[in-house]
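Add chain B to chain A, keeping to what the hints say.
In the order they appear, the protein sequences are chains A and B.
Just so we're aligned, residue 17 is where the first sequence starts under this note's numbering, counting upward by one.
Just so we're aligned, residue 17 is where the second sequence starts under this note's numbering, counting upward by one.
Since the hints were derived computationally from the structure, they do not count as laboratory data.
All clues given are correct.
Repeated chains share a single entry, so a pair holds when one copy, or any two copies, can fit it.
Derived SDA-like pairs (lysine to any residue); straight-line CA-CA distance at most 25 Å:
(1) Lys134 - Arg167
(2) Lys134 - Ser186
(3) Lys194 - Gly97
(4) Lys158 - Ala93
(5) Lys134 - Asn169
(6) Lys134 - Gly190
(7) Lys158 - Met95
(8) Lys158 - Ala137
(9) Lys158 - Gly97
(10) Lys194 - Met95
(11) Lys194 - Ala91
(12) Lys158 - Val182
(13) Lys158 - Thr94
(14) Lys134 - Ala115
(15) Lys134 - Thr184
(16) Lys134 - Pro56
(17) Lys134 - Met188
(18) Lys134 - Ser159
(19) Lys158 - Glu132
(20) Lys134 - Tyr50
(21) Lys134 - Ser157
(22) Lys134 - Glu70
(23) Lys158 - Gly126
(24) Lys134 - Val182
(25) Lys158 - Arg92
(26) Lys134 - Asn174
Here is what each chain is made of, one letter per residue.
2 protein chains.
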Amino acid sequence: MNNRVRFAACLTDRAARFLTVWKPQAVQPVPELYWEDFTPGRVFTHGPRRLSREEMVGFAAEFDPQPMHLDEEAARATMMGGLCASGWLSCCILMRMCADGFLLRSSSMGAPGVDEVKWLAAIRPGDEVTLRATVLDSRTSKSRPEMGFVRFNFELFNVGGDCVMVLTTSLMMGRREKTAS
Amino acid sequence: MNNRVRFAACLTDRAARFLTVWKPQAVQPVPELYWEDFTPGRVFTHGPRRLSREEMVGFAAEFDPQPMHLDEEAARATMMGGLCASGWLSCCILMRMCADGFLLRSSSMGAPGVDEVKWLAAIRPGDEVTLRATVLDSRTSKSRPEMGFVRFNFELFNVGGDCVMVLTTSLMMGRREKTAS
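The following block holds chain A by itself, in its conformation from the complex (with noise of 0.2 Å):
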């Protein structure tokens, strides 16, 4: 615990705060979720989820360091007219999201890829986003009876409405009825 603290230490305050209560066991208790929940056509939402201006220059600062995300002067002067974020900050936006949403209740064990992603329009500091996960399909693994796999459209949209990104990929759960198919 003390190696948890001294580490949260150096991590943004969210970082730091979630780690600092987080227990190992507590994240995948029986989940309540498995793969024959996810129906074609269930909806799940999350949200609304708001982005400053000093999450987006920080992300960006780490991973992204393109004007358009950096700085208010510099962005106007590129095709985005003003500071936004990263596509990557909102790819990562809508992975938590989707974690405190319903995956940590499921039985997710993570995703092979991911299919596609649009980034329809920018998202701006201050703006707040809401994430509706639809599920497409979902078939059973050949090599591995115990999972599946769950296609969704994921979506944020802005407090406009505007969907502002759409991620398209399918996550592998685990099956309540751990038979062969």
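Quick look at chain B alone, frame taken from chain A:
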């Protein structure tokens, strides 16, 4: 500058160092690389870049708090068999390596999305990754004659030479000859 230093104090060391030395006007001098320079088959490399346990866990606590990214013991019970980097951290590291490798000296205008991401193998604490960016093809923009698209295949390799991640996408690049096609 005071605001920049104050803000930098709450970021990771790496982001803070970057922000305190970065000058907005220093990032977009006259680009060295334009759309015309990204000819099919051209390759850019960068790295190696080490990923520490602290970085992996800190990122996960902020954006992807699943047990395989947060805690060694909890991670052993998962399909990953031990602590590994979030796939989103791999994407962010790849983005930063592209920026440092060639993007910040190019006429890049960002990207409309991502075509595909494949996370092929786990990145473990202490692993070093190297970037290889290969130009697949390019085309001009019909609606914006001042720019074109360059489609890249981005790969991250570990020290053993295994490809641990592939990302395919098109970047928007300013054209040296800003005439309509």
